[in-house]
Amino acid sequence: MWTWFHRLASPPTAYRLADRLAPWFGIAALLLLAYGIVDGLAFAPPDYQQGDAYRIIFVHVPAAALSLALFTYMAIAGAIAVVWRIKLMECLVVATAPVGASFTALALLTGMLWGKPMWGAYWVWDARLTSELILLFLYMGVIGLNAAIEDPRAAARACGLLAIVGVINVPIVHYSVDWWNSLHQGATILKLGKPDISPAMAHPLYACLLGFFMFAGYVILRRMQNELLLRERGTAWVRERIGVARV
Amino acid sequence: MSEWLKMGGYAVYVWGSFGLTAAVLIWNLWMPRLRRSAIMKELSSEE
Chain A
1 MWTWFHRLAS
11 PPTAYRLADR
21 LAPWFGIAAL
31 LLLAYGIVDG
41 LAFAPPDYQQ
51 GDAYRIIFVH
61 VPAAALSLAL
71 FTYMAIAGAI
81 AVVWRIKLME
91 CLVVATAPVG
101 ASFTALALLT
111 GMLWGKPMWG
121 AYWVWDARLT
131 SELILLFLYM
141 GVIGLNAAIE
151 DPRAAARACG
161 LLAIVGVINV
171 PIVHYSVDWW
181 NSLHQGATIL
191 KLGKPDISPA
201 MAHPLYACLL
211 GFFMFAGYVI
221 LRRMQNELLL
231 RERGTAWVRE
241 RIGVARV
Chain B
248 MSEWLKMGGY
258 AVYVWGSFGL
268 TAAVLIWNLW
278 MPRLRRSAIM
288 KELSSEE
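Residue numbers (our numbering), protein chains in the order written: chain A, 1 to 247; chain B, 248 to 294.
In short, the hints are calculated from the structure, not lab data.
Some hints could be false.
As the list claims (entries may be wrong) - The calculated lysine to aspartate or glutamate pairs, modelled on EDC-like cross-linking and capped at a C-alpha distance of 20 Å, are:
1. A:LYS87 / A:ASP151
2. B:LYS288 / A:ASP47
3. A:LYS116 / A:ASP126
4. A:LYS87 / A:ASP19
5. B:LYS253 / A:ASP47
6. B:LYS253 / A:ASP39
To be verified - Where chain B lies over chain A, by a calculated footprint (3+ residues, C-beta under 8 Å):
7. 53-61
8. 93-107
9. 113-119
10. 131-137
11. 220-228
12. 233-242
Cβ coordinates follow ideal geometry from the N, Cα and C atoms, glycine included.
Just chain B, same shape as in the assembly:
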């Protein structure tokens, strides 16, 4: 397990890349969701 985590000495680069990927995916999922609730709030207050 710890051998695997070390990634043959490239742990920082490999895990760093996958961590950044996770961040980009999460950002992409959250932004439209936040915007959707803001739009819903804005539009229903116009009614």
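Bound-form chain A, shown alone:
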């Protein structure tokens, strides 16, 4: 079990595995998003209260779910990187932060575009919105920290620590709509019991949700490969890679 894990975590093996996995993530993302977005925009029925404005849900909810999931996962990779100093995990922390930040920004922006017609304001300083904004700052903190420290291994471990501390914000974002009075509506899907949504709306939403996750998997694998190449420069396998790329 452990030798298997060590082999998997070795940079050349991880790089090759990423090369083999990434296209599948990419294809899955493409198919799921194509179906989800077309069905969501064109065929799902309008909402009885919100009309067509609710269609923002098909990008807003997946972006928000991804912003929380990626931070959690970055904190787990960070913990492993800090405790066991596994290079692959350091690469994953650094690779995840910009992707997570972009989807956090997207969740906030699409939320603002949804808030304006429904609440009458782009922004309110409410618990859900404010905690999600703090999540964006935490992601930006990780990116900044990584850029500020010269030694990439020390930088990645510092990023890992910030992710571990910052992950406390994730449950705060998730439960903010239950803990405080909020303009933001409560959970529709990620809650106990049956979801409060009709199947005609739920199917494209699930497809978009899964499609966003597959997309994130694809781009994180590609970024992880970049980090591996940089950290392993000068080794035989990277030389071989450069030779391959040149041909």
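Dock chain B against the given chain A, drawing on the hints supplied.
Here is chain B on its own, set in the frame of chain A:
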């Protein structure tokens, strides 16, 4: 068709959201690709 594009009067918000999503997806696809070619160039000049 034009009825659909109007999104029941919410066109700016709905299309704006999907447009921003497209921008974020494209950014995420392009950045690692640009970085990859920069890394390849940098590393092969070191050889």
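Proximity test - 8 Å, beta-carbon atoms, the segment 220-228 of chain A to chain B, at least three hits: Holds: 4 residues of the segment 220-228 of chain A have a Cβ under 8 Å from chain B.
LYS253 of chain B and ASP47 of chain A: Cα distance at most 20 Å? With a Cα-Cα distance of about 15 Å, the restraint between LYS253 of chain B and ASP47 of chain A holds, given a limit of 20 Å.
Verdict on chain B covering the segment 53-61 of chain A, where coverage means 3 or more residues with a C-beta closer than 8 Å: The restraint on the segment 53-61 of chain A holds, since 5 of its residues have a Cβ under 8 Å from chain B and three suffice.
If you draw a straight line from the CA of LYS288 of chain B to the CA of ASP47 of chain A, is it 20 Å or shorter? 52 Å, violated
Between the alpha carbons of LYS87 of chain A and ASP151 of chain A, is the straight-line distance 20 Å or under? 13 Å, holds
Counting residues of the segment 93-107 of chain A that have a beta-carbon nearer than 8 Å to any beta-carbon of chain B, does the count reach 3? holds (count 6)
Test coverage of the segment 131-137 of chain A by chain B using CB-CB distances below 8 Å; three residues minimum. Violated - the segment 131-137 of chain A has 0 residues with a Cβ nearer than 8 Å to chain B, which falls short of three.
Holds or violated: LYS253 of chain B and ASP39 of chain A, Cα atoms, limit 20 Å. It holds: about 17 Å lies between the C-alpha atoms, which stays within 20 Å.
Assess, step by step, whether the Cα of LYS87 of chain A is no farther than 20 Å from the Cα of ASP19 of chain A, and give holds or violated. This hinted pair holds, its Cα atoms lying about 18 Å apart.
Closer than 8 Å Cβ to Cβ for three or more residues is the test here. Does the segment 233-242 of chain A pass it with chain B? Per the Cβ count (5), the hint holds.
For the segment 113-119 of chain A, do at least 3 residues have a Cβ located nearer than 8 Å to some Cβ of chain B? holds (count 4)
Is the Cα-Cα distance between LYS116 of chain A and ASP126 of chain A 20 Å or less? Given that 20 Å is the threshold and the Cα spacing comes to 14 Å, the pair holds.
Figure legend: structure checked against the earlier numbered hints; hints not met, in rising order: 2, 10.
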